[in-house]
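Chains as they are written, first to last, in our numbering: chain A, -7 to 243; chain B, 569 to 705.
If you're looking for bench data, these hints aren't it; they were derived computationally from the structure.
Wrong hints could be hidden among the right ones.
Claimed, not checked - These stretches of chain B come out as covered by chain A in the derived footprint (C-beta under 8 Å, 3 or more residues): (1) 581 to 593; (2) 603 to 613; (3) 616 to 622; (4) 628 to 637; (5) 672 to 683.
Unchecked claim - Heads up, simulated DSS-like pairs for lysine-lysine below, C-alpha to C-alpha not over 25 Å straight-line: (6) K94(A) <-> K596(B); (7) K232(A) <-> K633(B); (8) K94(A) <-> K605(B); (9) K638(B) <-> K216(A); (10) K181(A) <-> K146(A); (11) K232(A) <-> K605(B); (12) K633(B) <-> K216(A); (13) K76(A) <-> K(-2)(A); (14) K216(A) <-> K147(A); (15) K605(B) <-> K181(A); (16) K578(B) <-> K232(A); (17) K147(A) <-> K94(A).
A virtual CB, placed ideally from N, CA and C, is assigned to each residue, including glycine.
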Amino acid sequence: MPVQVKINGIKMSAEPQETVLQVARRSGVHIPTLCHLESVESTGACRVCLVEMKLGGKTQLTTSCNAGVEDGMEIMTDTPEVQKHRAANLEMMLGRAPGSQKIRALAREYGVYESAYVPSEDPAIPGCILCELCVRVCEALGHSALAAVSRGGKKYIGTPHDKPSESCVGCGACAEKCPTRCIEMTDTKKTRTIWGQTFDFVSCETCGAPVMTVRQRTHAVETKELPEDYYTTCVACKQKNLAGRFARVGS
Amino acid sequence: MEKTYVVIPKNCTGCRTCELACSMVKSKRDEAGALGKPRIHIYPTGPQRYMQMTCLQCVDAACVKACPSKALVLNEETGAVEVDEERCVGCGLCEAACPFGHIRFDRDLGLPLKCDLCGGDPACARFCPYQALEMRP
Ligand code: SF4
Ligand code: SF4
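Excised from the complex, chain B in its bound form (with noise of 0.2 Å):
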């Protein structure tokens, strides 16, 4: 792992372009052109306060260790949990097992929505203005 994704909500003004992009950027549109859901969520926490929630890449995951079908993966080059869509049996339980609320069963796909880092390369930090989210070596 080259690279640490770093959250700095003093940075943040709540302007949520990183909901955007990670929606443009990580979600197939539906049937009527609409974006799916982001990865990423923003929370007021007090006056002009904010905070960046996403997945905190467990080292020792409870959605790894809930999941009936060793669909989540850790992508070791980037320190990434991982759906594998092409195993993932629809349960929710990785929703329910998850303490921090980081990975969301979304029922119109059939499948979680997690925060992978976008391989590495994540759209939230490249896109943000503020620099309240970054890539640091």
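Chain A extracted, bound-state conformation (with noise of 0.2 Å):
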């Protein structure tokens, strides 16, 4: 049965599995977020999403992502509470991550333009702010091959006991969706190297140019209905090859 909520004044109907940010998003009520995507766990983790709910009568600042509607939910997204603290999270956020355009750029919409926070200790990868997105994006792709670590209490994210993942494939999804981009990730025209290890790339079959690390094609034959032989080509000659034929065909 659906639930009603209000958000921002506007009454809405929803599910009840849905979150309050699938929520406001789908009524057009814009939401800022740094790590959460739709296709991995939201954990709440970077607190910039953070709204004002009011439920029986009290009132709560909750992160939106993985906070599930209610009926009877008051939403407000957009008060000075709610925009004081993401703030303060994004002030935090930049002391660690300076270099970050994202979270410069989100954090300049809340009037912070420089950051007086500085980090207690060096940090194991500078840059990191510890979302744990590279965590969930690399489980959700089946492979599990981070997670966050403490040594002698400092917290990072790394590969179990710091040693080459067996389970990592190389992909790169990781570093890819990266808020702040900090994670190292050096291409050559043979080898992609992440995470203290280094993979070999399929080259294409007319050009040498990568197409995928040799271990994310045997994961991707393995989980999807896909031969092999897709993989054999990189983008750019595939597609200037099609256009060849194409020619062919039409003289």
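Assemble the dimeric complex from its two separately framed chains, guided by the hints.
What follows is the structure in structure tokens.
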């Protein structure tokens, strides 16, 4: 049975399994996020999706990405209180990731241009805000090669025991989705190095450019219906070859 | 689906207005104000002959089959396969799987680029000065 909620004073009907963020976005209300993806578990780690939520006479701040809707909920997405907390969180993240364009741009929207926050110790990965989106992305892909680990009271993201992970396929998704782009990934023509491990690329049959890592292909063939021969040619050659074939047919 | 996207290579002069229109309409400018990459590409195929290459919106699409996060979805209204940016996890399998090279993973954005027919009124067709790209009933 649908539940009734109010977002910024406007009545909305929602499904009980929906989150506050989903209902808000669906109704055109903007809530910023840094560590959220619809296809991975939401944890509210970055805390920029904070909203004010009133239910049964009680008002509280809550992260909207992992808060389920309930009947009678009243949600305010942009109160001074919300703005203040988002700004404070962004200032802290900007202190940790001063080089992140994404965080800098969002912080600017909340009037934060510089950060007074200085991380208390040298981080293991400079720029990491510990949102663990990489961990969750990797998990959603079925690899689960990453985890938040703790050494000497210091929390950081890594592979188990900081050893090359057997389940990592070198797809690079963790690095692509990292909101601060702090995960080191180095590609050469033949190899990719990430998380302390070097992977061989499948080389394009036509030009030798990278297609994907060999291990990512093996995993894809095992888990998806497309056979190995789908993954032989790089994107540029595939399109160029096809243009040539079309032209021959046409003439 | 009311109209079909049609490519007419014999009318193409290789002016690449379509590529520019695509970049202008579809990409957000980066920090430096530069335009992003287009989703249509022009290839010279002979003396004064060109071929426009963009997504075929396959019914049984390899990119959709390869995507592990259900981030490529068919828009029933336009017939286009669209990227759900809120779902994509950035693995790049779609690019690797498409047999035609029509979906490209953009490492700057962490997202694949593909034609979505601009929601049914593609900019490339609107801007082509030579009727080499058209929406036909
Ligand atoms: S590169 Fe390795 S750690 Fe990163 S998402 Fe892919 S499998 Fe996981
Ligand atoms: S890059 Fe994104 S859209 Fe492409 S296959 Fe991976 S999750 Fe799907």
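Counting residues of the region 616 to 622 of chain B whose CB is closer than 8 Å to a CB in chain A, do you get three or more? Satisfied; 3 residues make the cut.
Are there at least three residues in the region 603 to 613 of chain B whose beta carbon sits under 8 Å from a beta carbon of chain A? Three-residue rule met by the region 603 to 613 of chain B, so holds; n is 3.
Would the pair K94(A) and K605(B) pass a check requiring their Cα atoms to be no farther apart than 25 Å? holds (20 Å)
Three or more residues of the region 672 to 683 of chain B near chain A by CB distance under 8 Å? holds (count 4)
State whether the coverage of the region 581 to 593 of chain B by chain A holds or is violated, taking the criterion as 3 or more residues with Cβ-Cβ distances under 8 Å. violated (count 0)
Quick one, are K638(B) and K216(A) close enough, alpha carbons at most 25 Å? With a Cα-Cα distance of about 13 Å, the restraint between K638(B) and K216(A) holds, given a limit of 25 Å.
Does the alpha-carbon distance linking K76(A) and K(-2)(A) stay inside the 25 Å limit? Judged against 25 Å, a Cα distance of about 22 Å means the pair holds.
Is K578(B) close enough to K232(A), meaning Cα to Cα at most 25 Å? holds (18 Å)
Hey, K633(B) versus K216(A), does the alpha-carbon distance stay inside 25 Å? Given that 25 Å is the threshold and the Cα spacing comes to 7 Å, the pair holds.
Do three or more residues from the region 628 to 637 of chain B put their C-beta atoms closer than 8 Å to C-beta atoms of chain A? holds (count 5)
Run the distance test for K216(A) versus K147(A): straight-line Cα separation, threshold 25 Å. This hinted pair is violated, its Cα atoms lying about 35 Å apart.
K94(A) paired with K596(B) [C-alpha distance capped at 25 Å]: holds (14 Å)
When the structure is compared with the earlier hints, violations turn up for hints 1, 10 and 14 and for no others.
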